[in-house]
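Listed below are the residues making up each chain.
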Amino acid sequence: MNKKRIFFPLFIFPLFIFSWNFSYLKLDSYKKPNLSEQYNLHSKRNESGRQGNTFSGRGNVSAKPNPFLEETENANPEFDRNQILKEREPVSLKKSGLRQKRREDSSLGEKIGFLKQMRPSPYSGPRFHPSEVLVKFKDSFSEEMREASISAYRAKKLKRIPGLNIYKLQIPENSNVEEMVYVLSMNPDVEFAEPNYVIHTTAWPNDMLFEYQYALNNTGLPIGSSGPTGKSGADIKATASWEETKGEGESIIAVIDTGVDMEHPDIKNKIKSRGKDFVNGDDDATDDNGHGTHMAGIAAADTNNSEGIAGVSWNCKVLPVKVMDQDGTGYDSDVADGIRWAADNGADVISLSLGQDTPSMTLELALEYAYDKNVVIVAAAGNEGGAVYYPAAYDEYCLAVAATNYNDERVTLQNSSQDPGGPWESNYGPEIDVAAPGERIISLVPTWYFGSGSFPYGWGYGTSAATPHVAGLAALIKSIKPHLTASEIMNVIRYAADDVNSSSHPGKDDYIGYGRINMEKALVPIIIIPLSQIK
Amino acid sequence: MLHAQKIKTSVGFEYFSRKIGWDVTHSSNLKSLFFTFNLEIEFPKELSSNTIFGYSFSNYKDLTFRGLPFSLKIGEETGTVGGFIIGEEIRKGLIASEKLKIDGLGQILGFLGLKKEWKIQDLAVPGTAEGKAYWWRVSLGPVFTYRGSTKFFPYLYLNLNTLWGTFKMQEAVGELQATEKQKMYSKSFFCIAAGFNYELTPAFILKGEVSLLPYNGGSDLGLMIKAMYSF
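Taken in order, these protein sequences are the chains called W and G.
Per our numbering, the very first residue in the first sequence carries number 1; after that it's consecutive.
Per our numbering, the very first residue in the second sequence carries number 1; after that it's consecutive.
Treat the hints as calculated values from the structure; they're not laboratory data.
Quick caveat, the model's predicted, so the values are computed rather than measured.
Hints should not be assumed to be uniformly reliable.
Stated by the list, open to error - Result set (DSS-like, lysine-lysine): computed pairs, CA atoms no more than 25 angstroms apart in a straight line:
id : chain 1 : residue 1 : chain 2 : residue 2
1  : W       : K481      : G       : K132
2  : G       : K183      : G       : K132
3  : G       : K8        : W       : K481
4  : W       : K508      : G       : K119
5  : G       : K151      : G       : K115
6  : G       : K132      : G       : K119
7  : W       : K246      : W       : K272
8  : G       : K151      : G       : K19
9  : W       : K481      : G       : K181
10 : W       : K481      : G       : K168
11 : W       : K481      : G       : K119
12 : W       : K481      : G       : K73
13 : W       : K246      : G       : K73
Construct the complete structure from the given sequences, taking the supplied hints into account.
As structure tokens, this is what we get:
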């Protein structure tokens, strides 16, 4: 008798009996969000009318002079270049009509409540169906040939998605998904083959303006009243990463800026201490400009509190450090002192949405001091379309952050020409590490900013707004991996980035560095593939 | 001085699934399938020693390394690690009557995993992971064998049964290099095994066993088939 006939079943039999994979696909049933309802809500807001409350350009200020817009006009050019550390953001904070709408639209609360009910529990099931793959054959491959090819692979056609011509196949019993995807991908008639990934709901905060925070979760819906529509998925993958962590209160982000409005309802519970004011020389870093509050909100606004916005790091704390005055200007000395003070007072991450174009040994020494204390430093590249500003340009010690927009494009003069503050361009150079959304970013403004009783939220623009997204991510990494060094965290952020301009500048480039940050890749465990299968 | 009275050799397949905990809150299933070659020597006074060699495929699906710069998770169908099995089993007859025999049986079995490499995909720089695992399983308890029939001998093996091990994962992504050791331990500690020995001939015996290992919230399963030949 043929020996193979004896030994093959002997060896294979137990393999069938003791099936290797007992996993079951289990999806919690949930009600899908009613996008049309959300969209209607959005449309209603659009109809609410904001003409009387909108800053349309430089100097067009009603409630209080806008320091972001004023400072470039009033600045002394000499001080500009040599001494004054300027906050140069072409930031335009627009007064939102949402406050009035919130008052008028009594059903708004109910609709937010609907989202709250939608909030899922963390998903921990399988990543893809254990016995299915999706495959798309090239259009030139006839349907008969496709069917024949599927049979040749001993796969079973379960479904063909009409219009897309994508086949859902059941793989043969003795193969696995990775192998099948690999084998199909090798077929020159196959356009792509991939696992049938499990879709699941993600952590979804109930903050009422979250739907406008395209940077965190871009649905492709309009970004605010009469705002542009972004590209769905052009975001930093915040919701997926929040499944893994929402941060810990022990992780502290020092926002070294114009101070923070510590009475703002959407951040007052996130303040570590009243901080330090190096402009006025006291221990109260209250914001008299607005810029710092906006930045702090992006990084760590109070989240899932049914109002305002969501911060990148839900549970991390903010340490306010004021180094710029109400005009948004300051000195290297104060910034250096602020960095030193933050490093000595428990900061894990320092967010610097500021800069100037001249090297400063003072700044470099301060950065080195904080870096040696294992503090992750994140700094804005600047918005002049020129060389990377300092301190961002001190490559060894900090992450230099460029700005992208709602379409995952680097912000340029062309694609920002509609901005209320005028066109601007993200600085570039070899020092750029990563990019983050910096166009039309909604965040907090001080409660006094648009006048007493106004709705304290507004839009911001610039690499300033991009920077706290990265700072928030750094704080989340630090909170779940406190043993990592600052250098390691910086590399995790770099390597996890999505190379969104790979078609024109593949790999690390001078415009967006390694790419737009991706919180999911940086935080959520990556499923590894055996090297043997890749080969 | 003990003199061998009988030598038995056997080949066997064994499979088990074991719930393992690995850090404070997380757990997953370790599944192992192994092929063994056994050399059993019987000594006087109902004492026997069984030395076990073999090869195993151990599956560490869902084992996750969150201490590495990039957290890594062993996937659904990519977590099988090959390795060698070594072990020793000691059996001592305790009580024997015409129809019932009670033995004391202790076993230690080790899995020494071979190195396995994985790729970390979709990052801005190339990344690889390299893992190596081992585990030890120890069982000890009485075996109740019914000897009422001539060829078919069913038995019940009640034993304390524990498993522990380590999975060492090394990660290399760009300039990042890190290692994490994940210690694991079985959630079940008690095993009820039911099996039989069937004498096809006086020298050739077939053995089968099913084991159940309950733990808080579920139970693990084990299966074993063995073909023994005596000299």
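Hints broken by the structure, by number, lowest first? 3, 5, 8
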